[in-house]
Every structure is written in C-alpha cells, then in structure tokens.
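Chains A and B, in that order, are what the protein sequence lines are. The first sequence begins at 1 in the numbering used here and counts up by one. The second sequence begins at 1 in the numbering used here and counts up by one.
Since the hints were made in silico from the structure, they are not lab data. No experiment lies behind these values; they were computed from the predicted model shown. Please note: incorrect hints may appear among the correct ones.
Each pair may be met inside one copy or between any two copies, as identical chains are not told apart.
No farther apart than 25 Å at their CA atoms in a straight line, the calculated lysine-lysine pairs in the DSS-like style are these [as the list claims (entries may be wrong)]: (1) K134 <-> K400; (2) K369 <-> K107; (3) K381 <-> K316; (4) K198 <-> K247.
Residue strings, one per chain:
Number of protein chains: 2
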Amino acid sequence: MSQIQATLITIGDEILIGQTIDTNSAFMAQRLNEIGVHVYEIISISDSANHIIQALDTALASSDIVLITGGLGPTKDDITKETLAKYFGSKLVLHQDILEEIEAYFKKRNRPMLESVKSLAMLPEKCEVIRNLKGTAAAMWFQQKEKAIISMPGVPYEMRDFMTRIIIPRLVEQFNTPTILHKRILCAGLGESIIAEKIKAIENSLPEHIKLAYLPTLGIVKLRLSARGTDVATLQEENNTFAQQIKNILYPKYAFGEDDAILEQTVGELLLEKNAKLGIAESCTGGLIARKITSISGSSRYFDGGVVAYSNRLKKQLLGVKAETLDREGAVSEATVCEMAKGTIEHLGVDYSIAVSGIAGPTGGTPEKPVGTIWAAVANKERVVAKKFQLARNRDLNVKVTTTLAVNLLRLLILDIV
Amino acid sequence: MSQIQATLITIGDEILIGQTIDTNSAFMAQRLNEIGVHVYEIISISDSANHIIQALDTALASSDIVLITGGLGPTKDDITKETLAKYFGSKLVLHQDILEEIEAYFKKRNRPMLESVKSLAMLPEKCEVIRNLKGTAAAMWFQQKEKAIISMPGVPYEMRDFMTRIIIPRLVEQFNTPTILHKRILCAGLGESIIAEKIKAIENSLPEHIKLAYLPTLGIVKLRLSARGTDVATLQEENNTFAQQIKNILYPKYAFGEDDAILEQTVGELLLEKNAKLGIAESCTGGLIARKITSISGSSRYFDGGVVAYSNRLKKQLLGVKAETLDREGAVSEATVCEMAKGTIEHLGVDYSIAVSGIAGPTGGTPEKPVGTIWAAVANKERVVAKKFQLARNRDLNVKVTTTLAVNLLRLLILDIV
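Chain A on its own, in the form it takes in the complex:
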C-alpha cells in the first residue's frame, strides 16, 4: 500500500502578516494523519492568482490530496474561486440552490443581505459544490483523475464541519486509505519518561502495526495507540487489549481517562456519583482552578463556589486560617494550605475542597522557597492530604501546571487512593 500524500494551502494575508496564527492546518493535519494520509507540506500564500496557481502546481506535483482554506469571502480581493475555476478549465456560474440557501441563512437570522453576499453563489461550473451548514461560503471539490483538490472557507468552525462531515469520510472511501484506529489513555501527575519506564514491557511487545505515542501538555500526558491495518474489528480489539494492559499498570493512580476525557469533567462525574459538593480556595492560581472546573457545562451541579484568598487577611477571614500558622510557617506551607482546605469544607459548607498556595513567580522567591514552590491540599470531612510541587517555569505555566496537579490530587482523594 503506497503512502497517500497531501498538501495544505492556506490563502490570505492575515497569516502572512502574522495577525492570525494558522490553527486550521494543525486540525486538518491531525485528521489526515488519523486516516493514514501523510501531510507532505503546509503552505501559506497571499490572495494572488499567480501565487495560487504556483502553489497548486507545486502541490499537485507531490500530492494526491490538496486541501485549500481561506479566500472565499464575498469581498473583492478574494480571487480564489475565480483562479480555481480557470485552473481547472471551468468558469463561475450562478448556483441557484446555493443562492436560495444563503438567502434563507440571512432571513433566519433576521439580518439584511448585502448585494455582495450574492457573489457567494457564483461557483465553478465543473466542480462538486458542498453546502456550508455553519455559514455561507460553500466548499468545492475538484476531481482531477485520481487527485482530489478541495477548497473550503477559512473560518475554523466551518472548515471543521466540512472536514468531519464530508471530506474525511469521502477521502477514506475514494483513496481506500488504510484503517488507522486510535485509542488514547490520559495520564496526570507523572512525567513522560517515568510513564515510559512503567509501561516499557508493553511498549516493547507491541506488534509492528501498532504504534505508541507520548503527547505531553501542561501536567497531562496523553498516550496514543495507533493501530494500522485493514480489519476494523481486529484493530479495535488489539487496541483495547493493549490499552487495558496499560491501564492495568497506570489506572486509576496515574491515568484518569480515555480518548477525549477531560480531567475536570472526570472529577465532576466522581463528585456527582457521591452527590458531593466541591469548594475551592486559591492563592497563587488566582482563580484558574475554579475557571477550569466551571469550564465544564453543568458544573453547577457539583461546584458550589470558591475563594481566591490572595491576601493573608482574606485567608484568615474567609477560610479561618490561623494568624499564628501564617506567622510561623508562612502562606506557602503545608500547614497553611491544609488549614485552607479544611477551612473551605467548614466555611463554605462543602464536602470536598482543593486549596493551593505557592510562589508562581517571577518575584517572591526566597532561598528556602524559590519561585515554583507550590503547596496543594485536598480535603473531605475526614481527611486532608497535602503535596508539594517544585515547578520551574514561568508564572503562567506554573499556574497552569499547578491547576492540573491539584485537580488530579482531588481525584485521588475522592477515589481514596492517596
């Protein structure tokens, strides 16, 4: 089976002047990668006919699939459509059905339709037009013998809908791409290299057609099994078998979920199961733990609220931290953070709590407590567990990593494995 290659072309000045970061290409590359298509090159070019033609020539020399985003708006500088029509020996004609859809789109939203918007229904005669369910600019599929050239609008959520709904399934069918099945195991609180050490024997036993990748982000490591072959059922079973072997070693202490699980959601579900309410007391994380917990829709069912006790005065007043503890041990200490966690249970009237106090940086460090020294504690009505993290990054990253580690510590407490 020969490797199918793709080139991604992004059209528009916003990227070339650095105003917009190209996030579309990463999304498309991931989706193509998942179906076994190799992305050969990613190119960003300007809205110029010559440049578009040159990029298409280059792309078609190396690739079977060319995905183009951007340059489809109704303004006059968007010449992508016209250039594509000419390149593929066609011309722009009015697509009445698309015009009606665009009119309906504006009518439904009670918005007036500018004359210029009508140009969105002018599309190449010889191409397959794909309806936009999230916006107004249609996508175009040009088939040149074996090769597929697809042009989509650059608006990220419109492009994502096209990719997921139509383009990826159609490419799988047309190119008979190898089946690649993925299975992810999500870990928190443990570095990539220690995880690798723990599951070395499993990794070494993987057959040639199954790969394991480590994808670390802030405090979380995603392990991704990718099985490549022809029979879906077999691949699925193999992935599940190896995932189970990995989970036998890592779950629940170091792994918290599978596939698209989100740590804050996992913890939310555990709280719901116990019919328990959570409260949070933050110092150096400044509200980010609460923000992450509430980023889950429906979190009001288990999250009652929190306190950002930035000053020592509010640590005492709102959480009942003792003045002598602050004087003797300092705000960044095991004793203080434990009192914060216990105080949250009592003063906020909740069942579980997370508390954090640390030196996020860049200032505030001392020889004994350098920047990156963070204490976290989690508590319920019976127990309080504290842990020290020694981080070494900048203010923003220290806060983000701490948030993940503290939420994970709560998970361990709820599961009673810490």
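Following the hints, position chain B against chain A.
Same frame as chain A, now just chain B:
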C-alpha cells in the same frame, strides 16, 4: 524602494502531523512586517534533506530573506545542519567556543551533559554562528551575495530572543529597510465599526505613508498606526500627532492605553494610585476575572481576593445577597449583581469591587434571558454601577469577553466617568 521579500520555512514533523500549532511563523511575520519586509510564503516541511533543498530552491527564487526554524536538536533525525552546510558548499566542523558554552550551560544548571549534546557544537564552517543565550542550539547566518538565509532553533522563546536581539536589527541594517514606526491605541467596550465611525475624519486625513489598522480580539480593539518613511524623528512626531488626535476622541472613555498596555495592568495601576484594594465576586465567569487580575505580577499589592459564588447559597452566605432578591429577580439580574458588588465591598472589606452574573451557555437560557445575557456591576463605597451585556457566542468566548468588559467597567468607575 523595491519591496524586500521573505520566506519562512519550518522544519519538523510535529507541525505536519498536527501535534504542534505553528506559532513561530506568526511571530516572525509580525516582526518582519514591522520593518517593512513582505512575507511572501510560509512553508512547513519534514526533516528530510531533499525536502529542505527543494524548499530552499523555491524560497531563494522569490525571496531576499529566508528564515528557517526547527530541526536543530541533537537527535539523529535532525539533518537540517548537514543539509544547510552542503547546500551552501560548506561542511560541519567543531566550534570549540560553542562547545565550551554548551558545557558551561549544563554545568551552571547542575545537569549531566549527554554525549549526543556535543553534536550541537558541530556547525558549518562557512557561516556566521550566533550564540544562543536562552538554550544550547546556535543559530546560523548564511550570506549568499545579497541574500540572507538564517537558521534558528524552533523553541519559541529561543527563536524570539534571536529575532529581537540580532536578526531584526541586522536585517534592518543590511537591507536598509524602510523605517516603519508603529503606535497602538488600545480600546475596550466598543466595536470596531463604531470606533471607525468616531474617528473617520482622522482616518481620512492620514497621509499616504501612514496606515491605520483595526485589530480586534475578545472585547478589545487595537488601533495601529504605521508610519513608513526614512526619518525616524519625523515619523515619530507624525504618529504621536495622529495618536493624540485619536485619543482626544476616544480616551479615556473608550481607550485605555497605548502600545503594549494590558487592561488588567492599567486598572491595577489606577488602584495603586488610589491606594485602594480590589475584591471580585464572580458567578458565570467562574474565576476568570480573578485569574486575569492575578496574571499581573505584583497584583497582590492591590488585589485582596475574590469569591466565585457559583451557587445561590454562597451568593447569600459569602456576599450577603438577599434571598428575596434572588427569588424575585433571579441570579442573573441587575438587582442581584448590584448586591453582589456591594456585598463584596462590605464582606471582603475592600474599596472597589467587580461582580458578574450571567448565562454563559450552552444551557440555562430562557426566552426572557437567553444564553449570553450577562449582568456586571462595579462598586466602591459610594456608588454601584451595573451594565447588561448581550453576548452571542459560545460558553468560553462569552466568559472571556465578559471578563474584559467587566474589568473595563471598573476602570471607568475608578476614573469616575461612568
């Protein structure tokens, strides 16, 4: 003066498989744009000699400047250096001074130095080696007649240091680029089109060599004046004159600062001037306002703390919101949010407060209060001012825009212009 063109080449599989979003290119493009260099094309390619050579051929056909990032690590797949050396008719040799620096780098950090790291000191004989002050892989400057080809490591903060410290100043000198001076005016709480309407007369009066751009992000619009010419003093004076004209219309009601100002920092400075303390009461923003305020290092001087009162119980208990207000008006109402703001002043013992309550979505909307209905209030000991925002985005964006609008509302209260 002919336009100087650049191509950016990113080397490495992480971008082609979609694991990493290419943020480096946007940074480099911005910096080049600021010195009047036009970015012609941005290309991401794999770690392969043939592909690197092909990309260099293409880039040098169109561009005077080629910036390459990535592919400089000590692992065996990083063949960028060798390929560049061959391409420019050179070979890799040991650079003793660089080796000593790398050894010193590891020694200083008390970290053992792997043998493979020594390969970082193997660099092309015929190129200018530029020391890395933030890491270990050096940058290389190849001069081919008039053209400059520069290879840098892909680690963002290392690349940024090379760009700012050496590459941009050297390119300005070598290419005698036009001087382009920028001046930014930062606005909050007003849409792009309304701002444009207010300053239309000024925009129409700008001379040909001064451009005005509108750069909107979540709740903030940056206005950027770019003056192009030869005489720095004149350009600076012109920029300042037009910036002052714009500020005369927009500042302080709609504009909060200039250039690199950050809204939360501006508000922090206003609080410091008044020697006043801030407290925050959040519901739908779930902690993000506190998080943004505390993202400023030194915010503990004016930020005492906050409450994330997600449940009505905690709104009553921690902030003193009346049960009858919640029953009669609901949690998302002017009355509730005003009581939250006043309650923060009283219960937290602060001088100023921000309070927010709204329906971030996707659930919780009603016909009277659809998703995106947000009430914000700001207070001091004398006054409380409330405002309703009707937003229409997703949960995450609603929370982010609300945060900016609420912090800006506090700014207006402190300045006594609301």
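**Q.** Homo-oligomer pair classification [K107, K369; C-alpha up to 25 Å]
**A.** So K369 and K107 pass the 25 Å test across copies only (23 Å; inside, 62 Å).
**Q.** Copy assignment of K198 with K247, given that the CA separation must stay at most 25 Å
**A.** within (11 Å within a copy, 61 Å between copies)
Q) Is it within, between, both or neither when you check K134 against K400 at 25 Å Cα-Cα? A) This pair counts as between: shortest inter-copy Cα distance 22 Å, intra-copy 33 Å.
Q.
I want to check one pair: K381 and K316. Are their C-alpha atoms no more than 25 Å apart within a copy, between two copies, both, or neither?
A. both (20 Å within a copy, 23 Å between copies)
When the structure is compared with the earlier hints, no violation turns up for any of them.
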